[in-house]
Amino acid sequence: MDFELTEEQKARRKEYFDFCKELEKKRPASFVGLEAVFEVDECWQFHLDCAKEFAKKGWLALAWPPEYGGSGTMMDKVLFADARGYHGIPGVDIFGIGMLAPTVLQAASDEVKKEFLPPIARGEVMWCELWSEPNAGSDLATLSTTAIKKGDEYIINGQKTWNTGAHRADWGFGVFKTDPDARKHHNMTFILLDMKTPGVTVRPIPYIDGDAPFAEVYFDDVHVPAKNIVGQENEGWAVVNLLAGFERSGMGEIMSMFRELEEIVKYCNETKRNGKPLSKDPIVRNRVAQLACELEAARTIAYRIADLQNRNEMALMDASAAKIFYSELGQRFAFVATDLAGPFGQVKHSRWAAADGAWEKAFQECFVTIISMGTNEIQRNIISWYGLGLPRMK
Amino acid sequence: MDLRFSEAQEILRKMVRDFLATECPKTLVRELEQSEKGYSPELWKKMAELGWMGLVIPEEYEGMGYTFQDLTILLEEAGRNILPGPLLTTVISTFPILEAGTEEQKKEFLPKIALGELIITTAQLEADGTFDASGIAVKATAKGEDFIINGTKLFVEMAHVADYIICVTRTKEGATEKGITLFIVDAKTPGVKCEVIPTIAADKLCEVRFDNVAVPKKNMLGKLDEGWPLVETMMRKGAIAKSAESVGAMQTCVEMTVAYCKERVQYERPIGAFQALQHIMANMWTSMETSRYLLYEAAWMESEGQPCAKEASFAKAYTNEAYRDVSQWAIRLHGGIATSYDHDIPLYYRRSKAADTAFGSTDFHRELAAQQIGLK
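Read top to bottom, the protein sequences are chains A and B. Here the first sequence is numbered in the numbering used here, starting from 60 and rising by one per residue. Here the second sequence is numbered in the numbering used here, starting from -10 and rising by one per residue.
I should point out that these hints are in silico values taken from the structure, not numbers from a laboratory. Some hints could be false.
To be verified - Listed below are the simulated DSSO-like cross-link pairs for lysine-lysine, each with C-alpha atoms no more than 30 Å apart in a straight line:
1) K73/A - K115/A
2) K335/A - K167/B
3) K299/B - K335/A
4) K339/A - K299/B
5) K84/A - K365/B
6) K299/B - K325/A
7) K69/A - K115/A
8) K96/B - K212/B
9) K212/B - K167/B
10) K339/A - K167/B
11) K325/A - K286/A
The structure presented is a predicted model; accordingly, all values stated were derived computationally and were not measured.
Only chain B is shown next, with the shape it has when bound in the complex (with noise of 0.2 Å):
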């Protein structure tokens, strides 16, 4: 057992780090925010010099080849920092690619996200909003060369600048795990539609409608009908990156606070001095510090190919909350002045709302807890 960072893994940190901090200003972020893209195509080519799209693509396919537990260090200092843009939803759709693609399709797509020419998203939920294959109601249909695909999938995250959409399909009548497919929809083809969904992050989560859409039949990812384990995967690997980047969120927060509460002077004296707000202040620490060790341990097993779906919900469940009160809290102690549009500390309060929608909220994670943990 060792719980430290390799040396690498420190370089890697502090380079993402430093890079963010001078790349992409809180400034950048708010006129994002508002932007129509929601991404700065300017950064997202220094990111691809930098490598970050490919980082876990094998050497191969043009990638870095690193781990996923370098993975979620890079996603750590990007929740530490906010990085608006489509990074996250490219890298994990990457993995469905790597993990069920055609040597065609691994050559046709991986070289082209590494190199950072390429945005590609997944399309899961839909009306129902559930995660649980049950909601995946979309139909593709065989015709021909082609299959067609109808219906409409929700909170799309980036799919209006996205090259590519995942989508996840019902090939087969019912509602359960079985005959559900998985096709690499071009964005451009005929019949796709998307209209951006107005969010608490403003992060660009897109309704897109598919009318008679026709993909080629070389273009379905893995096996037909034989497609939710590599949904569950991807949620699984999701879920972990997205708590990577909560903890990193965390992290600003505490040190925000703790950093107003030694300047900010009332009743003569700084307001960290009083017993009331260390304690609150004593709690954040706690929450992100607990939020970190289940967050490492989940990464470094799905890093190490150790079945891991119980610490994944453990940790996305946990990491949900935490975040959520620890932004709230870094709000409260700011007083009046966080309360402002133009202040820090609000835009990581809105973005604990979309970190725990994405990739299963802590109820839908505690559920699957419940049934790892053996309760019938």
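Bound conformation, chain A alone (with noise of 0.2 Å):
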């Protein structure tokens, strides 16, 4: 057993902290909390900006085949998730790079790959998840949305919906029934698609803050070109499970609560309250210590992760628990610290508020972790029906 890294992964993880580090000071100050990229404008130049500054690196084809322009292991991927949660940077588009690049990679076809894999790592197109509909959430199967095929394209009708930055991207990605007489499982498409093509209309969703980091997306006889799949025709159900097996370790969102963690460590050491600094209380001090032992709990089972995965094994009980435990640790994170800042944990991005305002906006912010990339209670059945073999609900 090792827990250390080696002497090159160190000096790679030295190299992305470094530069994200310099990135940081152009961070804008409206940049508040993990999803503030899709909600206002110069934090998305920002993202975009990242981006090209990381693919000149070639930090945005990281474990991919050479002959995509890729470069570096699974692990290098990991600490460079480390550097950008720490430092709170964005530029890795998570659609394309974290989950379509993957899959395409194992499931399309070389035309498909030659087309789409350059533009994202040269960090020019971004992308969307189409997954959800109004009547399909975690029982995704039960979609409704049609791709009917006519020629050489397939025409979609229906509508899509808590398509994260769908509002920004570039392109869409997305499953969608392409033949509905067939049996379950056996009816749909991964299908690529053009989000300015004629007929998609995107209607940002204020989330429960009222800022808008997701959409709903409408199809109105929208035409796409039929060689945009990934896998075969109907058969798409595979590729979503393809998918959802590129797990990630939550590395970033770990980093990202280990910096909070010093900014509340800061926050009780400077800040007086009864005229003594809350560093003093011991509610607090038991409290603030709880969450740090947590937060190592946290990142020792993403490290379990990317361990495994730097060799090409599978970590899906791991995986789920590791989601399950990180998001709502942010959720007990975001707690904690507006619980510490008494009145002022409730105020907004604004000359009150506690943090920056970072503390309110992740007090809000928290269940899209927890709820997004298949909620923490369909975690929970991984774990019980793939993990520990109990009888799956019919």
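Please dock the two separately framed chains into a single complex, following the hints provided.
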């Protein structure tokens, strides 16, 4: 057993951290919270700028095969997420790079790979995910938006929803029903489409805090070239599962909590209440220390996943456990931090805000990680059914 | 980075697991709870033949020369099976001898410990109940060639069967970390009196009274007045060791609960088919797995000689609560049957309290963690 990084990995990690530290200096003040890139124009621009910088370094194609411009290992990808998480730097498209690219690499035709991967690696094209529908959420297989083949095109009609960043994205990937008469799980296709195609209407949805990180997308006779698919026609469900299998260790989210912990400690040391620093209050010390314990638990389980992935081993149960754990820990962080800040914990990014409003934002934003990418309840099903071998719900 | 155990470590794990499954069934565990000694001398002898007490003792002192991480593998399996007796306390009490013992002391004690000929324990806690240095009030006063120890120690594990007791004493007035000295006390010395305290895990924690107990100066462990760092090291290693037992115990709680829920039929289906129970089991598994890697990290750092006070406290504070939570859910998911004394699950639940108390409670370790993360 060895928890230490190799000298080479340490050097790479330092390179990522140094680079992100510099980028942090250029980050707009309005960049508060995890979803700011989708909500604020100048933050989206910052995201695009960072993406270009990373593309120059070749860091958007980490762990890709060299023929598509890839370099580095899975561990480099984790260490890069580490640095971006800690410094709060966007620039890596979670959909295009985090989900679509590994799926395309594994399941798409050479033609699709050649067309779609290079613009992702260059940081030129940003993607969104077209998954959920008003009546198909966790039970995605019941979706009803159709893509009916006509000649060398699919014609899409219907509606998708909760599409994070769809109002910013250039392209979208999603699953659509291509054979409404076929049996479940063999009736849908994984399709790539230009979000500027006529007939696509994107309407931002206000999140609970009033900002708009996500949108709903309407399709009204949208024509898509039939070649723009991943996997076989009508076998999109297998691609959905493949994509879901590219579990992420959550290292970025976890490292952003390390930064948050530092901010909380600093706040407690510097803030006086009842005439003494918060840090002298045993209840405060206990609560913050508990967060620190749990954060280290999250970090070590993320390492466990990274270690498995680096050897191309599956980490299905651990990835679900990690997702449950870090997302709910994020919520506990928000609860404790806003508690410690007292009345200032409720103040939005403005003069009287604690931590520039980051904790207020976290209090509202915490549901994003808890609900997206498979709700934590679905993750618990995954652990129960596929991990512990308990009977599946019919 | 490579978070796998070595092949040798996997062999060690399997060997310990198989041995305990055969040699330490739950009938024996319950029998030992009720017995006076609280351990089985026959089993102790067999464990000695396998080299368990001397696992981390260097070969020159008849030990196996294994690493601290190897030890935690052994203890994880001990916790998984439940192994009553003085193994953990003997092994942990070995560390201050290894760290600060004179060559003479090492030659006198280590080979006997390694061969299972000697049981040794440590007396730290007192009536105040704190793990802090401020709680040490038992006095040792120099007199001729001896030190004279007076006072009462509490919760001294297996002291009633121990041959030696490492006694943490105050040799200088005050309540600070200065002025604390360790002595290796022969448990048969006149004036040493032991009484077993009835506890939740029936794990033979003792009250030990020292009434003018004369200890030769040569039995002082480490330097006069500077013994506290040895206690801190022992507590840190003990906290990690105890966390290892707890992780093992959680594993059994999860496995038994999942197996039972697949078997037990109500409403014409296995109760494990109900999501209300599935999600609890998923949580139990998650608690176990997050505890596991916290433990492995701390154990690895300790093994490598890296500073790990923070990680040890993280692991102990976290596993304390995780073990209690997992084991209480294990009882609830089993239902009425697991509230019977004869069921195996409550053995684990009761030990969660013992594990929590040993080497520092949750709140104690959270305070240590608070200091480590920079709260002023």
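Verification of the supplied hints:
1. A distance of roughly 18 Å separates the Cα atoms of K73/A and K115/A; the hinted pair therefore holds under the 30 Å criterion.
2. Restraint check: the Cα-Cα separation between K335/A and K167/B comes to about 29 Å, which is no more than 30 Å; the hinted pair holds.
3. Of the supplied pair hints, the one linking K299/B and K335/A holds, its CA atoms being roughly 26 Å apart against a limit of 30 Å.
4. Between K339/A and K299/B the CA atoms are separated by roughly 19 Å; this keeps the pair inside 30 Å, and the hint holds.
5. Taken as a hint, the K84/A and K365/B pair is honoured in the structure, with Cα atoms around 28 Å apart against an allowance of 30 Å.
6. Proximity of K299/B to K325/A is assessed by CA-CA distance (about 18 Å); at most 30 Å being required, the pair is judged to hold.
7. Proposed proximity of K69/A and K115/A is supported: the alpha carbons are some 21 Å apart, at most 30 Å.
8. Using a Cα cut-off of 30 Å, the hinted pair K96/B and K212/B holds, with the two alpha carbons roughly 18 Å apart.
9. Distance hint between K212/B and K167/B is fulfilled; the C-alpha atoms sit about 11 Å from each other, no more than 30 Å.
10. For the hint linking K339/A to K167/B, the alpha-carbon distance of about 24 Å falls within 30 Å, and the restraint holds.
11. The straight-line distance between the Cα atoms of K325/A and K286/A is roughly 54 Å, outside the 30 Å bound, and the hint therefore fails.
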